[in-house]
Amino acid sequence: MQIFGIATQALFGQLLIGLINGAFYALLSLGLAVIFGLLNIINFTHGAQYMLGAFCAYFLLQGAGIGYWWSLLVAPIAVGILGIVIEKTMLKRLYALDHLYGLLLTFGLALVLQGVFTNYYGSSGLPYRIPDELSGGFNLGFMFLPKYRAWVIVASLIVCLATWFVIERTKLGSYLRAATENPALVQAFGINVPRMVTLTYGFGVGLAAFAGVMAAPIYQVNPQMGANLIIVVFAVVVIGGMGSIMGAIVTGFGLGVIEGLTKVFYPEASNTVIFVIMVIVLMLKPAGLFGKER
Amino acid sequence: MADAPVVATGGSVAADAAAPFFAVRDLNAWYGESHVLHGVTFDIHPGEVVTLLGRNGAGKTTTLKSIMGVVPRREGSIVFEGRETGKLASNRIAHLGIAWCPEERGIFSSLNVEENLLLPPVVRPGGMTVEEIFELFPNLKERLASQGTKLSGGEQQMLAIGRILRTGARLLLLDEPTEGLAPVIVQQIGRTIHALKKKGYTVLLVEQNFRFAATVADRHYVVDHGKVVDMIPNAELDRNMAKLHEYLGV
Amino acid sequence: MDTTAAASHDTRAGIIETRTARGNRTFLVATLVMALMFVVAPFVGVYPVFLMKALCFALYACAFNLLIGYGGLLSFGHAMFLGVAGYASAYTAKNWGFPPELAILFATALSALLGLVSGLIAIRRQGIYFAMITLALSQMIFFFCLQATSITGGEDGIQSVPRGRMLGVLDLSNTLVMYYVVLAIFLAAFLLIHRIIHSPFGNVLKTIRDNEPRAISLGYDAERYKLLAFVLSATLTGLAGATKAIVFQLASLTDVHWSMSGEVVLMTLLGGMGTIFGPVVGAFILIGMENYLASFGQWVTVITGVIFVFCVMALRKGIVGELGAWWLKRGK
Numbered sequence: 001m002q003i004f005g006i007a008t009q010a011l012f013g014q015l016l017i018g019l020i021n022g023a024f025y026a027l028l029s030l031g032l033a034v035i036f037g038l039l040n041i042i043n044f045t046h047g048a049q050y051m052l053g054a055f056c057a058y059f060l061l062q063g064a065g066i067g068y069w070w071s072l073l074v075a076p077i078a079v080g081i082l083g084i085v086i087e088k089t090m091l092k093r094l095y096a097l098d099h100l101y102g103l104l105l106t107f108g109l110a111l112v113l114q115g116v117f118t119n120y121y122g123s124s125g126l127p128y129r130i131p132d133e134l135s136g137g138f139n140l141g142f143m144f145l146p147k148y149r150a151w152v153i154v155a156s157l158i159v160c161l162a163t164w165f166v167i168e169r170t171k172l173g174s175y176l177r178a179a180t181e182n183p184a185l186v187q188a189f190g191i192n193v194p195r196m197v198t199l200t201y202g203f204g205v206g207l208a209a210f211a212g213v214m215a216a217p218i219y220q221v222n223p224q225m226g227a228n229l230i231i232v233v234f235a236v237v238v239i240g241g242m243g244s245i246m247g248a249i250v251t252g253f254g255l256g257v258i259e260g261l262t263k264v265f266y267p268e269a270s271n272t273v274i275f276v277i278m279v280i281v282l283m284l285k286p287a288g289l290f291g292k293e294r
Numbered sequence: 295m296a297d298a299p300v301v302a303t304g305g306s307v308a309a310d311a312a313a314p315f316f317a318v319r320d321l322n323a324w325y326g327e328s329h330v331l332h333g334v335t336f337d338i339h340p341g342e343v344v345t346l347l348g349r350n351g352a353g354k355t356t357t358l359k360s361i362m363g364v365v366p367r368r369e370g371s372i373v374f375e376g377r378e379t380g381k382l383a384s385n386r387i388a389h390l391g392i393a394w395c396p397e398e399r400g401i402f403s404s405l406n407v408e409e410n411l412l413l414p415p416v417v418r419p420g421g422m423t424v425e426e427i428f429e430l431f432p433n434l435k436e437r438l439a440s441q442g443t444k445l446s447g448g449e450q451q452m453l454a455i456g457r458i459l460r461t462g463a464r465l466l467l468l469d470e471p472t473e474g475l476a477p478v479i480v481q482q483i484g485r486t487i488h489a490l491k492k493k494g495y496t497v498l499l500v501e502q503n504f505r506f507a508a509t510v511a512d513r514h515y516v517v518d519h520g521k522v523v524d525m526i527p528n529a530e531l532d533r534n535m536a537k538l539h540e541y542l543g544v
Numbered sequence: 545m546d547t548t549a550a551a552s553h554d555t556r557a558g559i560i561e562t563r564t565a566r567g568n569r570t571f572l573v574a575t576l577v578m579a580l581m582f583v584v585a586p587f588v589g590v591y592p593v594f595l596m597k598a599l600c601f602a603l604y605a606c607a608f609n610l611l612i613g614y615g616g617l618l619s620f621g622h623a624m625f626l627g628v629a630g631y632a633s634a635y636t637a638k639n640w641g642f643p644p645e646l647a648i649l650f651a652t653a654l655s656a657l658l659g660l661v662s663g664l665i666a667i668r669r670q671g672i673y674f675a676m677i678t679l680a681l682s683q684m685i686f687f688f689c690l691q692a693t694s695i696t697g698g699e700d701g702i703q704s705v706p707r708g709r710m711l712g713v714l715d716l717s718n719t720l721v722m723y724y725v726v727l728a729i730f731l732a733a734f735l736l737i738h739r740i741i742h743s744p745f746g747n748v749l750k751t752i753r754d755n756e757p758r759a760i761s762l763g764y765d766a767e768r769y770k771l772l773a774f775v776l777s778a779t780l781t782g783l784a785g786a787t788k789a790i791v792f793q794l795a796s797l798t799d800v801h802w803s804m805s806g807e808v809v810l811m812t813l814l815g816g817m818g819t820i821f822g823p824v825v826g827a828f829i830l831i832g833m834e835n836y837l838a839s840f841g842q843w844v845t846v847i848t849g850v851i852f853v854f855c856v857m858a859l860r861k862g863i864v865g866e867l868g869a870w871w872l873k874r875g876k
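Chains as they are written, first to last, in this note's numbering: chain X, 1 to 294; chain W, 295 to 544; chain E, 545 to 876.
Because the hints were derived from the structure by calculation, they are not lab data.
Treat the hints with caution; some may be incorrect.
[What the hints assert, rightly or not] Partial chain W-side listing against chain X, Cβ under 7 Å, derived:
1) TRP324
2) GLY326
3) VAL364
4) LEU382
5) GLY400
6) GLY421
7) GLY462
8) ILE479
9) ILE483
10) HIS488
11) LEU538
12) HIS539
[To be verified] Heads up, simulated DSBU-like pairs for lysine-lysine below, C-alpha to C-alpha not over 35 Å straight-line:
13) W:LYS444 to X:LYS285
14) X:LYS171 to W:LYS491
15) W:LYS537 to W:LYS444
16) X:LYS171 to W:LYS537
17) W:LYS493 to X:LYS285
18) W:LYS491 to W:LYS381
19) W:LYS521 to X:LYS171
20) X:LYS88 to W:LYS435
21) W:LYS444 to X:LYS171
22) X:LYS88 to E:LYS873
23) X:LYS92 to W:LYS381
24) W:LYS492 to W:LYS521
25) X:LYS292 to X:LYS171
26) W:LYS444 to X:LYS292
27) E:LYS873 to X:LYS92
28) X:LYS263 to X:LYS292
29) W:LYS435 to W:LYS381
30) X:LYS292 to W:LYS435
31) E:LYS873 to X:LYS263
32) W:LYS444 to X:LYS92
33) W:LYS381 to E:LYS873
34) W:LYS537 to X:LYS292
Don't be surprised by glycine CBs; every beta carbon is placed ideally from N, CA and C.
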């Protein structure tokens with residue numbers, strides 16, 4: 001069967017890949033948006049922390065026989081704690097300075113993390129098996145839907161929407177939103193803003209690691225996995241509007257799908273389509289689709 | 295040398311002998327290289343409404359900010375209910391029972407009115423309930439779901455004052471609450487401050503509008519070039535008009 | 545005689561730039577010393593190939609510093625100028641038979657054009673947004689170069705680029721001749737940059753960097769100035785890339801990859817942003833380090849990262865910047 005001259009299997013296959021990519025774009029840009037909103041720092045280390053999450057899952061399995069489901073919980077916490085250490089020892093001292101120093105620091109840290117892991121593990125991928133409960137798939141007629149892929153999409157959506165809900169609709173979220181606007185005043189009300197900042201960074205990093213664990217069975221575990229992804233995620237964040245939570249989610253999924261469709265109809269442009277969209281959005285609405293002018 | 299404040303002739307001499315409710319001694323403050331406060335010294339007694347009068351740039355807002363601990367660098371002694379707060383972080387100062395309503399009001403645009411109202415946490419028992427706050431400011435009750443900054447200037451001021459009343463703070467720092475507001479609202483704020491005084495709150499008020507200040511305050515401190523240069527009890531304000539005009543450059 | 549320095553101090557960029565007679569003299573002496581060192585270097589055992597590589601990167605870093613140190617704009621996409629110019633000069637020299645000077649000029653002009661186009665897109669935004677935009681634009685160029693294999697050779701790049709004869713006379717296949725040509729190009733550009741910085745344009749640019757609202761209130765069109773600084777920076781970066789392609793007879797994807805953008809940031813940061821000699825020092829240190837640690841593979845990346853972190857946390861003014869500040873403190 002064909003739609004627009006493309007076999008439906010191929011079309012929906014690519015759409016699925018696009019949705020999967022979109023799920024990761026959304027998770028990662030969500031983490032970046034949360035961090036940027038409160039800390040005003042572009043966390044260049046995000047890609048490396050995503051990679052660390054995947055490696056954590058790998059180590060847990062190889063070293064301790066701890067499986068996927070536990071890794072989903074442990075890896076974000078472990079990498080999140082590392083993030084907290086980074087924030088307390090280094091990032092905190094940069095807040096008074098130009099925001100670009102935060103970018104440069106996290107860039108340097110990304111190089112260190114990636115370099116160390118590439119040294120020990122090379123650049124080819126390490127395998128990570130799909131957990132048994134999620135292997136196999138559903139035959140939907142017009143396409144074959146692997147269970148794990150479906151899980152990734154559903155889990156990402158749930159995590160993204162849950163994060164959105166907490167930030168936009170709960171009291172805890174109101175502290176975060178207020179501190180993003182006027183941290184000095186929020187602290188003057190009695191809230192320990194520096195601690196909130198630290199935990200927020202830890203949470204954003206944890207989100208990256210969570211994405212890493214989910215990515216392990218699909219993309220394999222390799223030290224470069226974050227580096228290739230992070231630049232695209234930056235573009236996603238810029239398009240969505242830096243600091244916008246809903247923007248990150250919608251743009252992430254949306255651009256993944258667009259990228260997938262581009263691969264079907266115009267493959268040569270699939271690498272650059274997101275960047276082209278970014279340029280267009282910036283010319284028309286510099287704050288991003290969902291962003292507010294700062 | 296810091297100028298010693300003129301001792302109130304109308305006030306109680308005995309009050310100064312007890313442990314100070316609130317005393318600022320030789321407060322200096324800097325914004326970066328700029329030395330803004332040069333040894334501010336004054337007292338507040340419990341239940342009083344005290345104002346800081348002075349021209350633009352005299353250091354009144356900076357004084358409030360220094361008390362609250364939100365200036366980058368400050369030195370000197372600030373004692374509240376017997377505790378030295380000069381070196382504490384602002385969130386600790388809030389927990390001791392001091393609350394601040396900044397000049398720009400600080401209503402959060404990404405929060406609705408209800409979230410704005412409930413944001414400052416309760417730090418001590420004895421604060422007003424939400425119902426009591428609505429009694430003071432009925433307008434707020436109708437606008438709970440509105441985005442914070444969609445309120446009018448007067449309503450935002452009510453919200454800014456209202457939200458710190460829930461916290462249990464006993465010393466309120468109000469920075470120019472009547473600025474830019476219509477006379478009707480200014481009167482309402484005046485009534486609010488009287489009501490707060492009745493409930494036992496202590497208020498430190500920064501005001502440019504000394505006529506308004508005269509309707510609510512017990513004593514006025516005059517701030518000039520980062521120093522307290524005079525203290526005028528409210529009862530003697532009329533007698534000292536000429537001096538006051540000179541201080542304020544009116 | 546000597547007048548007291550009318551100094552403009554910028555805590556972020558580092559060294560106080562003086563515009564006095566003494567300041568100028570110091571600069572000329574230092575440049576002369578530097579030039580002499582470079583002239584003599586091949587004869588005291590320093591490999592000309594290493595020197596040429598370092599000089600090209602030094603020029604790259606100086607051009608980059610023009611934008612960040614004096615313009616206050618962090619671009620994370622300068623690799624696109626370096627790489628595209630490299631491809632242009634390699635392609636015209638190899639396939640169109642351009643003599644080296646023409647190839648380099650053509651590539652530099654192309655860089656200027658690319659700088660203008662990307663600058664027009666990016667300059668509307670500030671700070672971090674600007675950096676992100678330049679990064680993304682650079683990525684677009686990278687993927688274009690990856691896919692346009694007929695022009696760029698894709699993953700293989702353009703190889704066997706002829707050195708040629710410069711101006712019909714200088715045989716660039718002779719390493720020493722090539723070296724002195726590169727040195728001449730570097731020194732000329734270096735002096736040009738100095739001239740730009742201390743020109744009225746440069747002063748306005750510095751004012752915009754330090755206090756844009758004030759500059760605007762004084763009547764300057766800040767965006768125009770920033771755009772011009774961006775284009776100048778792109779052009780000189782192109783000069784570095786074009787020259788490098790001729791020297792190494794190769795244009796490859798490495799030069800348009802975003803890590804090349806990161807490297808120049810580090811060189812400038814390490815050497816000292818906003819100082820005239822800083823980028824040169826930074827470039828030489830980093831290229832030297834890469835050379836000597838080449839056998840350590842990925843550890844170079846790690847060490848690069850560590851240096852980055854260290855500079856941001858402890859050595860913000862860079863080597864030359866810190867030295868300069870220390871020297872000035874001594875003088876008082």
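Structure-based check of each hint:
no. : hint                 : result
1   : TRP324               : 14 Å, violated
2   : GLY326               : 11 Å, violated
3   : VAL364               : 5 Å, holds
4   : LEU382               : 11 Å, violated
5   : GLY400               : 5 Å, holds
6   : GLY421               : 12 Å, violated
7   : GLY462               : 10 Å, violated
8   : ILE479               : 22 Å, violated
9   : ILE483               : 20 Å, violated
10  : HIS488               : 25 Å, violated
11  : LEU538               : 31 Å, violated
12  : HIS539               : 34 Å, violated
13  : W:LYS444 to X:LYS285 : 24 Å, holds
14  : X:LYS171 to W:LYS491 : 31 Å, holds
15  : W:LYS537 to W:LYS444 : 41 Å, violated
16  : X:LYS171 to W:LYS537 : 50 Å, violated
17  : W:LYS493 to X:LYS285 : 51 Å, violated
18  : W:LYS491 to W:LYS381 : 29 Å, holds
19  : W:LYS521 to X:LYS171 : 41 Å, violated
20  : X:LYS88 to W:LYS435  : 41 Å, violated
21  : W:LYS444 to X:LYS171 : 20 Å, holds
22  : X:LYS88 to E:LYS873  : 32 Å, holds
23  : X:LYS92 to W:LYS381  : 20 Å, holds
24  : W:LYS492 to W:LYS521 : 30 Å, holds
25  : X:LYS292 to X:LYS171 : 22 Å, holds
26  : W:LYS444 to X:LYS292 : 16 Å, holds
27  : E:LYS873 to X:LYS92  : 28 Å, holds
28  : X:LYS263 to X:LYS292 : 32 Å, holds
29  : W:LYS435 to W:LYS381 : 38 Å, violated
30  : X:LYS292 to W:LYS435 : 28 Å, holds
31  : E:LYS873 to X:LYS263 : 60 Å, violated
32  : W:LYS444 to X:LYS92  : 34 Å, holds
33  : W:LYS381 to E:LYS873 : 31 Å, holds
34  : W:LYS537 to X:LYS292 : 49 Å, violated
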